[in-house]
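Protein sequences, first through last, are from chains H and L.
Counting with UniProt numbering, you get residues 1 to 325 for the letters of the first sequence.
Counting with UniProt numbering, you get residues 1 to 371 for the letters of the second sequence.
Because the hints were derived from the structure by calculation, they are not lab data.
As the structure is a prediction and not an experimental result, all values here were calculated from the model.
Take these hints with a grain of salt, some might be off.
Said to hold, decoys possible - Estimated spans, in silico, between C-beta atoms of each pair:
no.: 1; chain 1: L; residue 1: 341; chain 2: H; residue 2: 255; range: 41 to 49 Å
no.: 2; chain 1: H; residue 1: 188; chain 2: L; residue 2: 21; range: 54 to 62 Å
no.: 3; chain 1: H; residue 1: 185; chain 2: L; residue 2: 19; range: 37 to 45 Å
no.: 4; chain 1: H; residue 1: 192; chain 2: L; residue 2: 280; range: 49 to 57 Å
no.: 5; chain 1: H; residue 1: 37; chain 2: L; residue 2: 117; range: 45 to 53 Å
no.: 6; chain 1: L; residue 1: 98; chain 2: H; residue 2: 295; range: 52 to 60 Å
no.: 7; chain 1: L; residue 1: 258; chain 2: H; residue 2: 267; range: 22 to 30 Å
no.: 8; chain 1: L; residue 1: 311; chain 2: H; residue 2: 21; range: 47 to 55 Å
no.: 9; chain 1: L; residue 1: 277; chain 2: H; residue 2: 267; range: 28 to 36 Å
no.: 10; chain 1: L; residue 1: 365; chain 2: H; residue 2: 267; range: 53 to 61 Å
no.: 11; chain 1: L; residue 1: 365; chain 2: H; residue 2: 287; range: 31 to 39 Å
All residues carry an ideal CB built from backbone N, CA and C; glycine is no exception.
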Amino acid sequence: MAQMTMIQAITDALRTELRNDPNVLIFGEDVGVNGGVFRATEGLQQEFGEDRVFDTPLAESGIGGLAVGLSLQGFRPVPEIQFFGFVYEVMDSISGQLARMRYRSGGRYNAPVTIRSPFGGGVHTPEMHADSLEGLMAQQPGLKVVIPSTPYDAKGLLISAIRDNDPVIFLEHMKLYRSFRQEVPEGEYTIPLGKAEVKREGSDLSIITYGAMVHESIKAAEELEKEGFSVEVVDLRTVSPLDIDTIIASVEKTGRAIVVQEAQKSAGVAANVVAEINDRAILSLEAPVLRVAAPDTVFAFPEAESVWLPNVQDIIETSKKVLNF
Amino acid sequence: MASKTNKASLDAMKQLEKVEEQFQTIQILNEEGEVVNEAAMPELSDEQLQELMKRMVYTRILDQRSISLNRQGRLGFYAPTAGQEASQLASQFALEKEDFILPGYRDVPQMIWHGLPLSQAFLWSRGHLKGGDIPEGVNVISPQIIIGAQYVQAAGVALGMKKRGQKSVAITYTGDGGTSQGDFSEGINFAGAYKAPAIFVIQNNQFAISTPREKQTAAKTLAQKAVAAGIPGVVVDGMDPLAVYAAVREARERAVNGEGPTLIETMTYRYGPHTMAGDDPTRYRTSDLDNEWEKKDPLVRFRKFLEKKGIWNEEMENETIERAKEDIKVAIKEADSAPKQKVTDLISIMYEELPQNLVEQNEIYKEKESK
Chain H
1 MAQMTMIQAI
11 TDALRTELRN
21 DPNVLIFGED
31 VGVNGGVFRA
41 TEGLQQEFGE
51 DRVFDTPLAE
61 SGIGGLAVGL
71 SLQGFRPVPE
81 IQFFGFVYEV
91 MDSISGQLAR
101 MRYRSGGRYN
111 APVTIRSPFG
121 GGVHTPEMHA
131 DSLEGLMAQQ
141 PGLKVVIPST
151 PYDAKGLLIS
161 AIRDNDPVIF
171 LEHMKLYRSF
181 RQEVPEGEYT
191 IPLGKAEVKR
201 EGSDLSIITY
211 GAMVHESIKA
221 AEELEKEGFS
231 VEVVDLRTVS
241 PLDIDTIIAS
251 VEKTGRAIVV
261 QEAQKSAGVA
271 ANVVAEINDR
281 AILSLEAPVL
291 RVAAPDTVFA
301 FPEAESVWLP
311 NVQDIIETSK
321 KVLNF
Chain L
1 MASKTNKASL
11 DAMKQLEKVE
21 EQFQTIQILN
31 EEGEVVNEAA
41 MPELSDEQLQ
51 ELMKRMVYTR
61 ILDQRSISLN
71 RQGRLGFYAP
81 TAGQEASQLA
91 SQFALEKEDF
101 ILPGYRDVPQ
111 MIWHGLPLSQ
121 AFLWSRGHLK
131 GGDIPEGVNV
141 ISPQIIIGAQ
151 YVQAAGVALG
161 MKKRGQKSVA
171 ITYTGDGGTS
181 QGDFSEGINF
191 AGAYKAPAIF
201 VIQNNQFAIS
211 TPREKQTAAK
221 TLAQKAVAAG
231 IPGVVVDGMD
241 PLAVYAAVRE
251 ARERAVNGEG
261 PTLIETMTYR
271 YGPHTMAGDD
281 PTRYRTSDLD
291 NEWEKKDPLV
301 RFRKFLEKKG
311 IWNEEMENET
321 IERAKEDIKV
331 AIKEADSAPK
341 QKVTDLISIM
351 YEELPQNLVE
361 QNEIYKEKES
371 K
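Work the whole structure out from these sequences, hints included.
As structure tokens, then:
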């Protein structure tokens, strides 16, 4: 097994699937010779040729349309949107077209498309690069929305996403690309979509989270342990559809929960998780379910980013409110 | 006082004029049914010419019947097609079965002549999920509602055909208004950049709902937008079936020979309203303009042409009309017998495998629907 960063694990997953299925095509802005602005597609054009891995003109809606059309010809497109903040340019292709392909054709056509895209705060990007827009995607029936938190998960989830016969939005947190290495098996393995994982076991409180906030939550759990609290961390991995069984099993065990997301507080994934817990496990709760999220402003200017983004301290404070309720 | 003239801008104007001069409307058959451009005459046998006429007559009847079925509440969404028969049917007539059509919502006739059963077109109009369930071997996708989205998708279908080494084309349609969309430019640009075998048709029927063509763009023709994408563009008389056929046939030939996409603007007119959902064309068009265009009618001129050739007569016309009426009757009956739609049917076509939320909702609706 090799030690890989998340970006290396992603490249490895793409290489695995390009080898595995001749219908897999990778395209986007600067993904060819340049290997992508984050090097996610490094070396892939060299290895698989320009027919399989190719640059596109600079137009996101065109990239989305290309994916729709290629999937109608039996291909399995894996386009990259250079930064997920640019998704507004391709919203129709995603929500208006890909997500509805199976539905509007009465099941005749499907769109086995995986859109990969970097997002996430903490790396001081210009505006429209870092926004957490998974809530927008999760609201669209017909899509699946995946956000890995580790190199191992990234590879297994990406292979599953590419093999899935429905469209998947695969969001890669920029801060996690090179923040740590992990053992990642060579060759193929899959992690099922729609399945959460308990990243840390505990019995007093469940922290339900995803993406970069998994790591902040684990740090918070470690701090809380020093004060005698046993905290469980559930990594959703797929934010749509939600793995309700794993969430509910954890909450029924601990009786207390908080939901942590990097995105702004209103109308997002965390709100949905809280609603599901209320629907299904309210009698198991010893305290209200609280959220840790960013404030409801437009994504912070870089100079305010570090105070705007939810952090370990915020998670500890909210956890204590619930633990001491 | 005139400001100082800038020589560079004068040259730029000249350049534009030179480009625009190139885009003259190509006509083969004039309003009297006379061939005015023998050199451009496509090779079509008498049987083919008769077949194209039959399709135009048939589709005019289909349009009339669809309008009255809509008024009776027996059809749903409907965008009238009369006036556009040459643009629609002659362009489809130039295709082969393996070519793929990405239509707009007015382009149901092309789908039908490409193999979509009439009953399914009716189901699509009514809003039944079977309407979009295209039979195997019929190379179409159900009509696009978002103006221009089909243009970027056509680039993708065409690129896919090229990658597969197929000798086929993707053809897509939009209207004059559609050329203002970003997706229009992105679609023709992508197809051009990849030399993908696509044919982009603009059916310029002069109005985008109520907005006249001249308010869409400063461009003198819509076809000249091809120049910016580096692909060939032509303007044809869209009321002339032979000109439309010749332009599409030529574009198809170039495409399958690896020479990339073509943009074709057909100058046409819809006689009816935008759709049957309450549009009133008298608010934005004069009857003088309507009359002027009706004189250019594609059926009238093609009928004259064929009659002069001695290969069309009233009997053939009536036979076609009767056949259309009979087919429509049968198709409506078939559409009536389609299974009633249920929420559980909708749930079943959301994903290959249902996620937990839909599994639960499916149970709820199964229960409701069993009562």
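Quick one: which hint numbers does this structure break? Sort them smallest to largest. Hints 3, 7 and 10 contradicted; others consistent.
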